[in-house]
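Colleague: Chain A is fixed; fit chains B, C and D onto it per the hints.
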Amino acid sequence: MKIKLFYFARLKETLKYSTEDLELPDESFTILKLKAFLAKRGDVWGQMLMGKLKVRAAINHELVDDKAVINDGDEVAFFPPVTGG
Amino acid sequence: MKIKLFYFARLKETLKYSTEDLELPDESFTILKLKAFLAKRGDVWGQMLMGKLKVRAAINHELVDDKAVINDGDEVAFFPPVTGG
Amino acid sequence: MTVRVQTEDFDVGLEINQLRQARKDIGAVVSFVGLVRDLNEGDDVTQLTLEHYPGMTEKSLSSIINQAKTRWNILDALIVHRVGTLQPSDQIVLVVVSSAHRGDAFSACEFMMDYLKTEAPFWKKEANSKGEHWIEAKSADDMARDRWKIEK
Amino acid sequence: MTVRVQTEDFDVGLEINQLRQARKDIGAVVSFVGLVRDLNEGDDVTQLTLEHYPGMTEKSLSSIINQAKTRWNILDALIVHRVGTLQPSDQIVLVVVSSAHRGDAFSACEFMMDYLKTEAPFWKKEANSKGEHWIEAKSADDMARDRWKIEK
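Those protein sequence lines, which keep their order, are chains A, B, C and D. 1 is the number of the first residue of the first sequence in the working numbering; add one for each residue after it. 1001 is the number of the first residue of the second sequence in the working numbering; add one for each residue after it. 2001 is the number of the first residue of the third sequence in the working numbering; add one for each residue after it. 3001 is the number of the first residue of the fourth sequence in the working numbering; add one for each residue after it.
In short, the hints are calculated from the structure, not lab data. Ideal Cβ placement from N, Cα and C applies to all residues, glycine included. Hints are not guaranteed to be accurate.
[Stated by the list, open to error] A short, non-exhaustive set of chain D residues, derived as facing chain A with CB atoms under 8 Å:
id : residue
1  : L3014
2  : G3034
3  : Y3053
4  : M3056
5  : K3059
6  : W3072
7  : L3086
8  : D3090
9  : A3137
Just chain A, same shape as in the assembly (with noise of 0.2 Å):
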């Protein structure tokens, strides 16, 4: 399946990535296993996606949690948690 992914402020400044378009093997995904799958790019990945930091995503503009799953044609997101305001 095809999905959109989207990187924001202290991920998209480490990974050197803002957005891209991912061909995943044909299986259920969830955030959690996606996490995993980006981990395998390198160290940096791995310590993003799956380090000490938290990290927050959404799947099509909607927060959800390590469980959620990813169908195709999805947009995620991954960010740091919000400081705004």
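Modeller: Relative to the frame of chain A, chains B, C and D by itself:
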């Protein structure tokens, strides 16, 4: 002793007084005693100051209760509960 | 810390800017504007007349600001209250509080309004199609004030 | 009900007037302005950069207004949040709520700020004399939001 009296809102309108200088017999006067003294002026005074209406009093711009003692030269005011804002 | 009682209208944006001046330590500004509604307890309001006690009213408003200052970390505060004859949608009162943090500004501003409503000598006379009458004090306003005596 | 994310500054007085329009049923308008402080946790702030998630941020702000509408009797509400590069004393965020009564307006405005601070996708990067760093989320902000889950 001499005091200055002020009336506000419904009291001012009904008593037809906004302010007056008053000479009181030389003895200890509380707010309650002053109300009773003024109530002798007639029906409408008794109704306004000793009747069912809630009346608040101030001495020299400070809210006080019925037991507060009035001194020579004081500015005393009677008015209904406040309704601003 | 400023207190004004006036017949003239006020400009909320201007008042907030004057309170802020060029200060760079302000993180939060909370403002409250009270307005004349055209409907009050089921009656169509055509006019509102506000009376005050010159001298005592200003002292009372200053005292309310000082009480807020002892309870919260506020940087500056302003109260402007109009008197005289007002129409529906006219502005009656403005309270502005600046602070480093929003919690203090929100609490101080609401506290000041609750105390103003129950302790500052202002009286409202309402005119509607049936005639004129003095507004009665509401027990809900006393309760709003009394909350502050227990919670911080 | 209006939500805007913009780089431009906003005019608080103008925004309040536009929200009020010619309505005569508004008794209370509460507004909150958040500003860049020149000092944050002991550091001298020289610049603040705000990032957001276009699309999700606007949805999140609209959802916060809708939650406030279900809890309080509010007539209208506005959220304006700036993004991009800001300096000390610059305005960051504006929340305005109008209501018939002050209690609803105060609660809804503070609720909206507490939720915005913890749920709306904005991120702040601070520059000071030592360099740049991303601001960490504060547990105090989570606690401020969580108050609304128990109290009404």
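Colleague: Starting from the hint list further up, note which numbers the structure goes against and sort them upward.
Modeller: 1, 6, 7, 8
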